[in-house]
Amino acid sequence: MSIQAKFLKFHDKIKLGREDAEYKNAREKDDSILKDVKKALKEEGYPVIEDFLQGSQSTATAVKHPVDDFDIDRSVVIAFDDAPDDPVKVKKIVLKVLEDRGFKNAKIKKPCVTADYASLSLHIDIPLYREQNGEYELAVGKKNSKDENKEWSSSDPKGLRDWINNKDDYVGSAIDKLKQFKRTVRYLKRWRDVKFSSDIAGKVFSIGLTVMAKEKFKPNFDDNGKASDLIALQDTVSAILNGWYFIYQGNDQYKVTVNLPTSPWRDIFDGSSVNTGTQLYNKLTSLKNKLDKVIDEEDLTKQCKLLNEIFGDDFEVPSSSSRASTVAKATYVTAGAAGTSQGA
Amino acid sequence: MVDIDELVQHLCSKGFNCEKSFIDDSNFISVKLAISGKTVELIHLLTDEIIGLPIFLLSSPNDYGQLAHVSIDNSQPVELGSICVNDRDSVSVNFAMPLLAIEESLNRHVGILTKAITDPEWNRQELLREFSSNWLGVCDFEGKKILLTSASGKLEELKVLRSIINSNHGFNSYHLAQTGDSDLSAIASLHWNINKTKRPVAGRAIILPLVDISPAPLRKEELKNWYLNALINVKPEDEKLLYEQYGRWSSLEYWIIFNAVVPSGKTWFCLHFQARKKHSLPLTAEQLEHWKIKAIPLRLFNKENVLPRGGANLDLTYRRVALIGAGSVGGEVAHKLSSAGIQHLKIFDPDYYSIDNLYRHILPEEYLGTPKSYGLGWQLQRQFLWSQAKGSPRTLLDLRKRQELLSYDLIIIAIGSPTHERLFKEYLIDNDVDVPVINTWLEGFGVGGHATLDIPDSKGCLLCAYVCQETLAIGLNSNLNFIEANQNVTTNLAGCGEQFISYGAMCSAQTAIMASDLAIKYLENKVTTSSKVSWKGSDLDANDNNIQLTHRYYQFSDSLQIKPLYDEDCDACS
Numbered sequence: 001m002s003i004q005a006k007f008l009k010f011h012d013k014i015k016l017g018r019e020d021a022e023y024k025n026a027r028e029k030d031d032s033i034l035k036d037v038k039k040a041l042k043e044e045g046y047p048v049i050e051d052f053l054q055g056s057q058s059t060a061t062a063v064k065h066p067v068d069d070f071d072i073d074r075s076v077v078i079a080f081d082d083a084p085d086d087p088v089k090v091k092k093i094v095l096k097v098l099e100d101r102g103f104k105n106a107k108i109k110k111p112c113v114t115a116d117y118a119s120l121s122l123h124i125d126i127p128l129y130r131e132q133n134g135e136y137e138l139a140v141g142k143k144n145s146k147d148e149n150k151e152w153s154s155s156d157p158k159g160l161r162d163w164i165n166n167k168d169d170y171v172g173s174a175i176d177k178l179k180q181f182k183r184t185v186r187y188l189k190r191w192r193d194v195k196f197s198s199d200i201a202g203k204v205f206s207i208g209l210t211v212m213a214k215e216k217f218k219p220n221f222d223d224n225g226k227a228s229d230l231i232a233l234q235d236t237v238s239a240i241l242n243g244w245y246f247i248y249q250g251n252d253q254y255k256v257t258v259n260l261p262t263s264p265w266r267d268i269f270d271g272s273s274v275n276t277g278t279q280l281y282n283k284l285t286s287l288k289n290k291l292d293k294v295i296d297e298e299d300l301t302k303q304c305k306l307l308n309e310i311f312g313d314d315f316e317v318p319s320s321s322s323r324a325s326t327v328a329k330a331t332y333v334t335a336g337a338a339g340t341s342q343g344a
Numbered sequence: 001m002v003d004i005d006e007l008v009q010h011l012c013s014k015g016f017n018c019e020k021s022f023i024d025d026s027n028f029i030s031v032k033l034a035i036s037g038k039t040v041e042l043i044h045l046l047t048d049e050i051i052g053l054p055i056f057l058l059s060s061p062n063d064y065g066q067l068a069h070v071s072i073d074n075s076q077p078v079e080l081g082s083i084c085v086n087d088r089d090s091v092s093v094n095f096a097m098p099l100l101a102i103e104e105s106l107n108r109h110v111g112i113l114t115k116a117i118t119d120p121e122w123n124r125q126e127l128l129r130e131f132s133s134n135w136l137g138v139c140d141f142e143g144k145k146i147l148l149t150s151a152s153g154k155l156e157e158l159k160v161l162r163s164i165i166n167s168n169h170g171f172n173s174y175h176l177a178q179t180g181d182s183d184l185s186a187i188a189s190l191h192w193n194i195n196k197t198k199r200p201v202a203g204r205a206i207i208l209p210l211v212d213i214s215p216a217p218l219r220k221e222e223l224k225n226w227y228l229n230a231l232i233n234v235k236p237e238d239e240k241l242l243y244e245q246y247g248r249w250s251s252l253e254y255w256i257i258f259n260a261v262v263p264s265g266k267t268w269f270c271l272h273f274q275a276r277k278k279h280s281l282p283l284t285a286e287q288l289e290h291w292k293i294k295a296i297p298l299r300l301f302n303k304e305n306v307l308p309r310g311g312a313n314l315d316l317t318y319r320r321v322a323l324i325g326a327g328s329v330g331g332e333v334a335h336k337l338s339s340a341g342i343q344h345l346k347i348f349d350p351d352y353y354s355i356d357n358l359y360r361h362i363l364p365e366e367y368l369g370t371p372k373s374y375g376l377g378w379q380l381q382r383q384f385l386w387s388q389a390k391g392s393p394r395t396l397l398d399l400r401k402r403q404e405l406l407s408y409d410l411i412i413i414a415i416g417s418p419t420h421e422r423l424f425k426e427y428l429i430d431n432d433v434d435v436p437v438i439n440t441w442l443e444g445f446g447v448g449g450h451a452t453l454d455i456p457d458s459k460g461c462l463l464c465a466y467v468c469q470e471t472l473a474i475g476l477n478s479n480l481n482f483i484e485a486n487q488n489v490t491t492n493l494a495g496c497g498e499q500f501i502s503y504g505a506m507c508s509a510q511t512a513i514m515a516s517d518l519a520i521k522y523l524e525n526k527v528t529t530s531s532k533v534s535w536k537g538s539d540l541d542a543n544d545n546n547i548q549l550t551h552r553y554y555q556f557s558d559s560l561q562i563k564p565l566y567d568e569d570c571d572a573c574s
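In order, the protein sequence lines correspond to chains F and H.
So for the first sequence, the working numbering puts the first residue at 1; every next one is plus one.
So for the second sequence, the working numbering puts the first residue at 1; every next one is plus one.
Calculated directly from the structure, the hints in this document are not laboratory data.
Virtual Cβ for every residue (Gly too), placed ideally from N, Cα, C.
Be aware that one or more of the hints could be misleading.
[Said to hold, decoys possible] List of simulated lysine to aspartate or glutamate pairs, EDC-like, C-alpha gap at most 20 Å:
#1 F:K9 <-> H:E568
#2 F:K302 <-> H:E568
#3 H:K536 <-> F:D222
#4 H:K563 <-> F:D222
#5 H:K278 <-> H:E244
[Stated by the list, open to error] Take a look, some chain F residues computed to stay more than 10 Å from chain H by CB distance:
#6 I93
#7 D125
#8 K195
#9 I200
Whole structure, please, built from the sequences with the hints as guidance.
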């Protein structure tokens, strides 16, 4: 068995898909809450014309967190012509739905309505938009914001998702390369969750890691088309470190800055501390050096031990005496059939 | 044309005794040499253009006895010897520097002559080595050539059948001498036997092996003496049969077909005897008085002679190969394996040859409507006259019979059906059928083709070529493929059942040649581990049709190079 097989096994352990069993309760809550939100908005004269997922669930880059909650980023859209001038008005309707369902800490934040479902380890974010001719505006403002702090702000909620899912820049086996990119993001997220203290980890934003990884992603497949996630990750981390995201502040200190690649183009790490930037830079450097060691190591077990130190126990270390699988009969991919180009 | 004065001056400056001369409007130069105390004169006729190694002729060639690599042209008023200094096609001549070309050629001529004159043993061995060529120098080309099918060359008497009247080409233009040990294909024998009614018996031929021979005579007048001397070299065990049995038949014509071992291998040549009245075979000087004797060209037609000359390998003769798939790739594979010398080829395919197949299949039009497998078998036997190729309408899945499969040295699958190929592979695994298998296929739009060689007990199997490189499970498409899966790659001209993958005959031929090469290398023991090989074509047509290609396509630069098949993530191999 190859180190790539170990990476894929690790990936299977950490990935969180919307259809996964672990996500079942969250998914059911999401569906149920969405139904109530739609009903309430419709009754108030703001029928929902569209809803969609945002965040890592929409880009298949979500990971299971060893400790923390599951996230739901559910966007809700109403028609431009129906929308009230005051964006907070519709956010209050959503807030009421959440409060009526028993969320104790539901609140209106500047970009969304948010709540936690403690018993299910569930965290919900519901941004609201109005839409006209494919243009979206985000309802911005807190519950008691002054009028000057409330607005329908131009936004591109699908643009970021589409940018992350874009595979046009990959030549040959583009889908496989996109999948490798998403695995790389998940590896980085798990590495963050393992290597940073929880308070700093929360400031190393997932979207920041994702944008850096997307911009600097170096797919790696050998000449036969076999993926090497190890080398792709190492190359990508190296490129991130050399990618002008870290601005030297003197005394081995760094600030990190990563701009959103779509509207509103803001710096994801705006307001982030030097401590966060420095820790991220140093830990990424350490990650790169450790991955170099893994690449240089020829023994599979020793490679896995090093990777276990990087990613935690979900990266399994085979016992030195264990052999590769002795399955007599081949196991096939799960697809029932696949179109083929073979002829004779 | 080179300036003759300049040439003479140049050769003189190189130490040659050279002068110019002029006969019948022709300029020539004479170069005089001293070899072993003899004066040797070489003549070079100047030509308008240098198109090969410049020629020097030997004056009075008979003055030096029989010299290797020197043939005498008797047709000219003055006898001149032509000196063979090399296979002219194997020399690249500097025509831009004619003086250097002529000097180089002269040096080669001098070298050959010096060796032949100063080293008698080398000279004799070379004369024997070139026996066939020299024999042609005394042959009479006006009569019919003989085609002989003998394999062993042992003493044998046989009938000679006349050529077919008014046939000037093909086998029908030859007199035929078929021996009992010939193993021509059924189709070839049938073809020849049909014509037997049109071929009356011309006379008797004796195949006569000799234990030793003298160099070929230089002149036709020497043939009788040469023949009588040759009879001294008949094997003792053959002598009695020859004198007491084979020579007693009275006939107007006899052929004696000799064979003897010379430094270049076994050589074959023929004498033709013709008399006004019927006589027994002349074996003495006295008996020869009744006969007119002449040397005639002989074309040996046996496997040992024909196959190696065409690049085929006699060692492959008895290897047994099953080929499943007689389509455009399979047809070419069958052809190439047969041309490599494989006789025992069993071809399986249930399809019939149709008009739609014409432009990318090897079979000619007259096989339309016949099962492809049978048509291929017949066609191969017809072209490769020792082929025992046979067809069968059975499919790959019909062949899941252990004992039958074990009777083959190699199985080649060219059906382009990954589902059936993997099913068949599972049967081989489950039933412990340890026969090597080659799977070969091509892809549409001319992007390339592939072949795998799965040798039992060697690292790597067909399923290694199906390890999904993304999930590392066994996939449904080969990881060798250049076209990404799940795209519409078929062209549909007439509805369901009429779809086809777009590719041309060149792609199928290229794929087949590559797969055949792999097969032959395996059978010749030159490839001993499970292997894979691909060829990569252009992506122009694929791009025009918005077909997505794989990472492997863009990275691939090892066309036709045989690589290990083993994939460490193949759970069938681990």
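Original post:
Taking 10 Å as the cut and beta carbons as the points, is F:I93 off the interface with chain H?
Top reply: holds, 44 Å
Original post:
Taking 10 Å as the cut and beta carbons as the points, is F:K195 off the interface with chain H?
Top reply: holds, 27 Å
**OP:** Find the nearest Cβ of chain H to the Cβ of F:I200 and say whether that gap is larger than 10 Å.
**Re:** holds, 34 Å
Original post:
Would the pair F:K9 and H:E568 pass a check requiring their Cα atoms to be no farther apart than 20 Å?
Top reply: It holds: about 16 Å lies between the C-alpha atoms, which stays within 20 Å.
Original post:
Are the Cα atoms of F:K302 and H:E568 separated by 20 Å or less?
Top reply: Answer holds: F:K302 to H:E568 is near 18 Å, not above 20 Å.
**OP:** Take a quick look at whether H:K278 and H:E244 sit within 20 Å of each other, Cα to Cα.
**Re:** Holds. H:K278 to H:E244 sits at ~17 Å (cutoff 20 Å).
Original post:
Can we trust that F:D125 is non-interface, i.e. its beta-carbon lies farther than 10 Å from all of chain H?
Top reply: The claim holds: F:D125 sits with its nearest Cβ about 32 Å from chain H, beyond 10 Å.
Subject >> Hinted pair H:K536 and F:D222, Cα distance within 20 Å >> reply: holds, 17 Å
Subject >> Restraint status (C-alpha distance of H:K563 to F:D222 at most 20 Å) >> reply: Given pair H:K563, F:D222 holds - Cα atoms ~14 Å apart, limit 20 Å.
This entry satisfies every hint, going by the numbered hints stated previously.
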